[in-house]
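Novice: All chains should be modelled from the sequences, with the hints used to inform the complete structure.
Chains as they are written, first to last, in full-length UniProt numbering: chain Z, 1 to 400; chain H, 1 to 400; chain S, 1 to 400; chain A, 1 to 400.
Be a bit skeptical, because a hint or two may be false.
A pair counts as met if it fits within one copy or between any two copies, since identical chains are not told apart.
[Said to hold, decoys possible] With a straight-line cut-off of 25 Å between C-alpha atoms, the simulated SDA-like cross-links for lysine to any residue are:
1. K239 - A43
2. K109 - D233
3. K378 - A290
4. K239 - D220
5. K339 - R323
6. K109 - D220
7. K134 - P83
8. K239 - G101
9. K339 - A236
10. K57 - D278
11. K105 - H222
12. K109 - R223
13. K239 - T224
14. K109 - H119
15. K339 - R37
16. K239 - R320
17. K161 - E132
18. K105 - L227
19. K105 - Y245
20. K105 - D233
21. K105 - T235
Just so you know, these hints were derived from the structure itself, not from any lab. All values reported here derive from a predicted model rather than from experimental measurement.
Protein chains: 4
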Amino acid sequence: MSNMSRTAGRHFLQIPGPTNVPDRILRAIDRPTIDHRGPDFGALGRRLFAGLKPVFKCSGPVIVYPASGTGAWEAALVNTLSPGDRVLMSETGHFATLWRGLAEKLGLKPDFLPGDWRHGADAEAIAARLGEDKAHEIRAVCVVHNETSTGCTSDIAAVRKAIDEAGHPALLMVDTISSLASIDYRHDEWGVDVTVAGSQKGLMLPPGLSFNAVSEKALDAHRTAGLPRAYWDWTAMLKANETGYFPHTPATNLLYGLAEAIDMLQEEGLDRVFARHDRHAEATRRAVGAWGLEVLCLDPDRYSSSLTAVLMPEGESADRFRRIVLDAFDMSLGSGLGKLADRVFRIGHLGDFNDLSLAGTLAGVEMGLALAGVPHEKGGTQAAMDYLAEEARAAVKETA
Amino acid sequence: MSNMSRTAGRHFLQIPGPTNVPDRILRAIDRPTIDHRGPDFGALGRRLFAGLKPVFKCSGPVIVYPASGTGAWEAALVNTLSPGDRVLMSETGHFATLWRGLAEKLGLKPDFLPGDWRHGADAEAIAARLGEDKAHEIRAVCVVHNETSTGCTSDIAAVRKAIDEAGHPALLMVDTISSLASIDYRHDEWGVDVTVAGSQKGLMLPPGLSFNAVSEKALDAHRTAGLPRAYWDWTAMLKANETGYFPHTPATNLLYGLAEAIDMLQEEGLDRVFARHDRHAEATRRAVGAWGLEVLCLDPDRYSSSLTAVLMPEGESADRFRRIVLDAFDMSLGSGLGKLADRVFRIGHLGDFNDLSLAGTLAGVEMGLALAGVPHEKGGTQAAMDYLAEEARAAVKETA
Amino acid sequence: MSNMSRTAGRHFLQIPGPTNVPDRILRAIDRPTIDHRGPDFGALGRRLFAGLKPVFKCSGPVIVYPASGTGAWEAALVNTLSPGDRVLMSETGHFATLWRGLAEKLGLKPDFLPGDWRHGADAEAIAARLGEDKAHEIRAVCVVHNETSTGCTSDIAAVRKAIDEAGHPALLMVDTISSLASIDYRHDEWGVDVTVAGSQKGLMLPPGLSFNAVSEKALDAHRTAGLPRAYWDWTAMLKANETGYFPHTPATNLLYGLAEAIDMLQEEGLDRVFARHDRHAEATRRAVGAWGLEVLCLDPDRYSSSLTAVLMPEGESADRFRRIVLDAFDMSLGSGLGKLADRVFRIGHLGDFNDLSLAGTLAGVEMGLALAGVPHEKGGTQAAMDYLAEEARAAVKETA
Amino acid sequence: MSNMSRTAGRHFLQIPGPTNVPDRILRAIDRPTIDHRGPDFGALGRRLFAGLKPVFKCSGPVIVYPASGTGAWEAALVNTLSPGDRVLMSETGHFATLWRGLAEKLGLKPDFLPGDWRHGADAEAIAARLGEDKAHEIRAVCVVHNETSTGCTSDIAAVRKAIDEAGHPALLMVDTISSLASIDYRHDEWGVDVTVAGSQKGLMLPPGLSFNAVSEKALDAHRTAGLPRAYWDWTAMLKANETGYFPHTPATNLLYGLAEAIDMLQEEGLDRVFARHDRHAEATRRAVGAWGLEVLCLDPDRYSSSLTAVLMPEGESADRFRRIVLDAFDMSLGSGLGKLADRVFRIGHLGDFNDLSLAGTLAGVEMGLALAGVPHEKGGTQAAMDYLAEEARAAVKETA
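Specialist: Below, the structure written as structure tokens:
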């Protein structure tokens with residue numbers, strides 16, 4: 001494909017994270033590193049710890065690790081559980097499966113409620129399983145809020161209700177790696193005990209930071225939890241965080257970016273951020289529908305606003321299609337993961353993103369389908385544009 | 001329009017320059033400033049002076065000014081002409097008109113061949129006028145290669161031929177501000193004496209640098225030219241440039257960007273750069289046609305590959321339309337200039353740009369037409385996509 | 001010198017401009033270019049035009065050119081004078097001499113009051129010459145506030161007084177290229193008509209912008225001034241500037257840096273900026289004295305706070321010394337210019353600079369003197385440190 | 001201290017890490033994030049894994065974590081050891097003590113050979129302890145190559161020899177967080193099994209990455225090691241790394257910086273990097289001696305070339321002194337850690353650093369001593385300059 005100008009213009013990074021990092025954040029991480037034990041750093045730290053709470057909608061502490069999201073999963077578990085503890089997990093997709101594997105590696109005993117990778121977590125099944133657990137051996141319920149591999153969300157409020165109605169004392173842990181700051185999420189209101197998050201999606205940062213938002217109940221569990229831990233230890237973190245510092249060297253420059261991200265979210269307003277993601281997701285689904293393709297998620301109430309996974313027609317390779325799109329149009333799409341490998345492609349429409357970039361993205365998908373010879377109807381991009389224009393019209397009217 | 005998320009995602013800067021500056025160049029100009037009299041600077045300067053020649057397709061010197069393009073116009077005139085000299089100019093549009101005004105301010109006497117702002121320069125009219133000038137009072141013929149206000153190019157080879165066939169000794173000066181490194185241009189082959197260029201279009205730099213590529217004949221004229229000059233003086237420039245330096249302090253950081261731009265053009269290859277611009281221009285015209293709107297340029301042989309000016313339907317305000325596009329979709333389009341004010345909008349598709357960004361751009365125009373209630377047919381973006389996909393297919397086949 | 005690590009650590013750019021550009025400004029110019037005709041640009045322009053006034057201490061307009069300082073010299077002259085006009089200039093050094101040459105190239109007739117390059121402009125001589133000019137043929141008095149080639153300032157208030165006492169109507173034009181935002185300067189209070197400035201010194205920007213601050217009287221002169229002008233034309237500039245825009249494409253990204261520079265000056269406070277430069281200049285002179293070397297400037301009242309020019313002992317080559325310093329310590333020092341070539345070296349201590357960087361600079365000079373075998377006494381750096389510590393002590397006491 | 005210009009000029013970050021990150025690396029991490037599963041990323045990954053080997057002087061794999069150095073300590077232990085395993089550690093200072101605490105938290109049983117925090121690890125004591133361990137219960141010997149809290153190095157070759165002579169099968173693990181790429185280190189030659197390193201010191205990066213270089217023997221131990229692990233798991237890492245990828249999302253932008261750092265080290269040459277650090281350390285010690293102060297490290301053979309810890313005279317507060325230096329001269333010095341709190345200050349002279357920055361650093365210390373009223377002799381900076389000039393002279397001669 002040597003005659004195409006792959007290098008001209010901006011790459012379209014439309015995987016469901018890492019997302020297109022905005023210039024403001026890239027410039028922020030490009031500032032000189034400072035003394036992580038000096039007064040300027042303490043001021044930065046205090047600002048971050050305060051600024052993160054509204055993003056998680058929590059009143060308790062948010063712990064920040066120099067680590068990927070996987071690290072924050074591990075931190076959630078090792079800080080609250082003991083060897084051999086049972087945890088209840090829902091098979092929502094590839095990342096739920098990975099989390100289960102991680103729990104097993106750490107010596108926990110996951111109950112894995114089966115799923116079809118096309119729905120969110122089944123709150124009724126969770127309620128049922130908890131109801132059977134009269135001895136309260138299950139110490140935690142772990143749910144992925146937004147399954148990055150499938151584009152289905154789980155109803156966390158419903159899961160909370162299921163736990164409450166079962167009168168079960170298990171902790172509720174939620175992975176929001178690809179939903180935080182993209183899809184409405186309420187740590188306190190939904191009674192979540194540990195929220196796990198990462199920097200490289202809705203927070204618009206490069207990867208390298210991850211988070212645990214922690215409830216009082218989780219802190220109580222922490223005090224008696226028996227899994228060995230050092231790097232991830234909340235106690236050491238929380239003590240140092242009180243004055244804005246960290247017990248070991250933090251990823252200073254990524255923290256600069258985090259401060260900028262918090263400012264940007266505040267400037268736009270979280271509600272508008274969520275509305276924007278909803279709009280882009282709906283536009284994307286309209287495109288998929290117009291192409292005659294199938295959205296992987298089967299439950300319209302649980303469509304993800306961060307990404308849309310699209311099923312390839314029978315016999316078509318999603319990976320070949322993605323390669324053609326990358327070669328011809330310099331756009332990265334998400335691959336099918338785990339058992340969905342080569343069967344779906346995923347369109348990320350989260351983070352620092354707008355209507356025209358979405359239109360370019362969908363045009364790239366539509367042209368790629370044509371190039372790859374994938375059976376489809378034309379007109380998806382047009383359908384998305386019709387919707388986006390209508391939404392914009394509504395906005396114009398409101399302020400006329 | 002307060003409910004729209006204007007701040008999310010990247011701005012679409014689709015005016016016909018300044019263009020979307022690529023990250024590589026922004027990062028380059030962000031490097032520490034160095035001693036403009038030190039050895040590292042001399043090496044940079046020599047690299048630039050050599051690297052610019054293939055971009056202009058010239059073998060003589062290219063002079064670099066810390067100035068806008070207007071400055072390079074002025075430099076071309078004051079270095080080669082004397083007070084009261086006659087110059088022959090073609091009214092191709094707003095910028096040709098401005099250049100005439102500049103010549104008048106400098107005390108020159110422009111003959112301004114009238115034009116309708118919908119065609120390139122008329123080589124036959126130039127030939128005729130030169131033929132009348134038996135006394136060879138006309139000292140220079142000044143033509144805009146690509147009229148940024150209209151999206152029409154002029155046939156420089158034909159102008160050269162006209163001069164030659166008239167046996168006229170006038171210098172040929174060409175403004176390539178919005179064509180250089182976007183549309184094929186050949187300083188030497190076309191016998192141009194002074195080529196005027198700027199940094200902020202096809203060279204992909206921020207504004208702040210401008211250029212004179214200079215022929216032997218222009219240097220001869222320079223020796224006897226009587227207009228006062230100091231800042232713009234070629235003699236001082238050329239002497240200092242010999243060793244890589246400048247007679248006054250150069251815009252060091254923009255020069256870093258220029259070095260990067262030259263590298264990028266070389267990596268992509270000028271022929272591919274031109275082919276990419278041609279492709280995007282054709283796709284844009286197909287969109288305009290599908291919308292049922294009219295391209296301003298009436299001569300298909302002289303369509304610009306840098307920008308497309310689109311006529312608004314009678315009674316519609318182009319400026320209101322542009323404002324709606326800016327507010328709703330965070331895209332800047334070019335305004336109508338001079339007598340075209342409010343009558344046309346201009347789509348810049350030059351510089352560091354690719355198929356998907358063009359698709360997003362055209363989607364923004366199409367949605368904006370709907371929002372603004374401008375009568376049009378849907379389907380322009382689709383038409384562009386059909387063309388782009390077909391072109392990409394051809395490229396794929398070639399390398400299969 | 002292959003065994004030295006020239007590439008490690010930061011280069012010391014201790015020429016008297018361009019200066020060490022602070023990271024904040026480099027990052028600012030690294031932002032995406034915007035539409036120079038759009039609303040965001042207008043807001044930026046208005047902010048700049050307002051913010052520049054306190055820097056010049058002027059109430060009238062400040063015009064900003066994409067050009068080097070030489071361009072702003074030219075602008076000052078062509079906007080206010082007519083061919084053949086006499087201008088009175090003072091030979092303070094190399095830059096005054098260059099300015100004279102520029103005036104001559106533009107067709108003006110400079111009277112050049114001779115100087116020894118070791119003092120500022122002689123206000124009495126100016127008064128005398130103006131007194132002789134009964135016909136008021138002299139249209140402008142041009143003085144360099146801070147001679148970058150010698151490190152001597154001129155007393156602008158005294159020059160003003162000389163003009164006033166002579167009852168002479170000549171305009172007063174002052175070059176502040178290496179003094180603005182480093183040494184106290186008062187456009188309005190000193191009755192200056194045109195102040196010429198550049199971006200790359202006290203304003204801490206890369207080179208590429210230059211300035212004319214303009215009085216009412218200068219504007220009056222402008223209306224009848226006969227020198228041809230177009231690019232530099234104040235009328236076109238002022239008209240566009242009214243709403244925050246420019247008549248031709250401005251150097252957008254450097255303007256971002258200018259906005260940042262204005263913020264930084266305001267945050268530090270101009271008085272503290274001046275005090276800092278005074279302190280560093282005094283520390284440098286103490287070092288020079290301790291080395292047993294001679295400061296070029298012979299008038300202690302007119303020592304420059306931006307730079308210090310140091311005379312080499314008889315028979316020693318300043319350029320060889322500077323080359324050794326560059327090779328051994330990766331520091332650029334200013335060369336002797338014009339008739340001072342190879343006789344002096346110049347230490348720039350202006351712009352974004354602090355005590356420890358000055359100490360490193362002086363250590364580099366002192367070590368370089370040793371390496372080059374230049375006769376000198378040790379202890380200059382120590383003398384500077386003694387002074388700097390004493391000054392810091394005073395500051396500590398004030399706030400104790 | 002309101003009258004000082006704390007904000008002007010560059011901050012001197014002279015803690016012993018994070019170090020002054022060079023612009024090249026800051027700009028590198030400022031590039032757009034890419035798809036961590038795409039082909040460009042794979043190429044980057046493969047380049048990094050190859051490029052790291054010469055830095056560690058190892059032939060086996062180097063594993064890269066998005067984590068601080070503490071994480072890499074944890075990774076070294078959990079990948080190779082089992083609950084209850086004995087490890088032999090040497091109390092070289094604060095970081096050795098922290099590592100012991102970490103081992104305990106993970107359920108290991110450290111033998112902690114006592115030390116006075118003024119020497120490196122005692123190879124003879126290690127040999128003796130291993131000799132007593134007839135049952136080979138000790139599974140690992142853990143040594144800090146360069147104790148960042150004391151400025152003493154440990155002789156790793158001697159430790160290796162001690163293990164070998166004891167015929168003991170324990171693994172050798174070495175913390176090189178503040179020595180790698182600053183002080184000569186030889187993973188293979190010294191028979192180290194796990195080398196622990198971090199990004200923010202000699203590698204000149206911001207914090208956020210850490211490393212395990214791993215021997216065959218360590219990999220063997222890994223296969224049977226019983227500590228739970230998931231995030232840190234070498235097996236998953238090594239499998240993904242084979243093709244240039246990671247098992248979980250890597251810190252892409254810091255990896256860009258790492259690639260740049262490897263290039264910079266290669267360009268300068270590791271031997272020259274080490275010689276530069278040695279030179280700066282010697283110059284610093286000469287300054288300390290001239291001030292009449294005491295270097296904490298008592299063994300001249302084991303002086304650190306990365307940092308120098310200086311004992312405060314009896315009764316003087318190191319923290320007050322450091323605060324004064326920060327307020328008056330905008331320089332961060334390292335604090336005394338653990339039992340050395342307020343008793344020492346530490347001068348970092350590692351990473352991207354040169355002679356003049358060192359001179360500025362020492363001048364800041366010397367002026368700070370004066371300001372703080374700490375009893376000392378003047379002349380330390382001068383002594384350092386004398387040495388640096390002499391060293392530079394030698395270099396000049398070699399190439400004359």
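Novice: Between K239 and D220, at a C-alpha cutoff of 25 Å, which is it: within one copy, between copies, both, or neither?
Specialist: within (15 Å within a copy, 38 Å between copies)
Novice: When no copy is specified for K105 and H222, does a C-alpha distance of 25 Å or less occur within a copy, between copies, both, or neither?
Specialist: Both, since 19 Å and 14 Å are each at most 25 Å.
Novice: Are the CA atoms of K239 and T224 at most 25 Å apart within a copy, between copies, both, or neither?
Specialist: within (17 Å within a copy, 35 Å between copies)
Novice: First find the shortest C-alpha distance between K239 and R320 inside one copy, then the shortest across copies, and answer within, between, both or neither for a cut-off of 25 Å.
Specialist: For K239 and R320, only the inter-copy Cα distance (24 Å) is at most 25 Å; the intra-copy one is 51 Å.
Novice: Given identical chains, is K239 near A43, meaning Cα to Cα at most 25 Å, within a copy, between copies, both, or neither?
Specialist: within (16 Å within a copy, 41 Å between copies)
Novice: With identical chains treated as interchangeable, where does the CA-CA distance between K105 and Y245 reach 25 Å or less: within a copy, between copies, both, or neither?
Specialist: Classified as between; 21 Å across copies, 31 Å inside a copy.
Novice: At most 25 Å between alpha carbons: which applies to K339 and R323, within, between, both or neither?
Specialist: Within. Shortest intra-copy distance 19 Å satisfies the 25 Å Cα cut-off; inter-copy 48 Å does not.
Novice: Could you place K109 and R223 in one of the four classes (within, between, both, neither) given a Cα distance threshold of 25 Å?
Specialist: Cα proximity of K109 and R223: in one copy and across copies (20 Å, 22 Å).
Novice: Please work out whether the CA atoms of K339 and A236 approach to 25 Å or closer within one copy, between two copies, in both situations, or in neither?
Specialist: between (39 Å within a copy, 19 Å between copies)
Novice: For K378 vs A290, is the C-alpha pair at or below 25 Å within one copy, between two copies, both, or neither?
Specialist: both (7 Å within a copy, 16 Å between copies)
Novice: Give the relationship of K105 and T235 under a CA distance limit of 25 Å: within one copy only, between copies only, both, or neither.
Specialist: both (23 Å within a copy, 12 Å between copies)
Novice: Classify it for me, K339 with R37: is the Cα-Cα distance of at most 25 Å met within a copy, between copies, both or neither?
Specialist: For K339 and R37, the Cα distance is within 25 Å only across copies (17 Å; inside one copy 47 Å).
The structure is consistent with each of the numbered hints, conforming to all of them.
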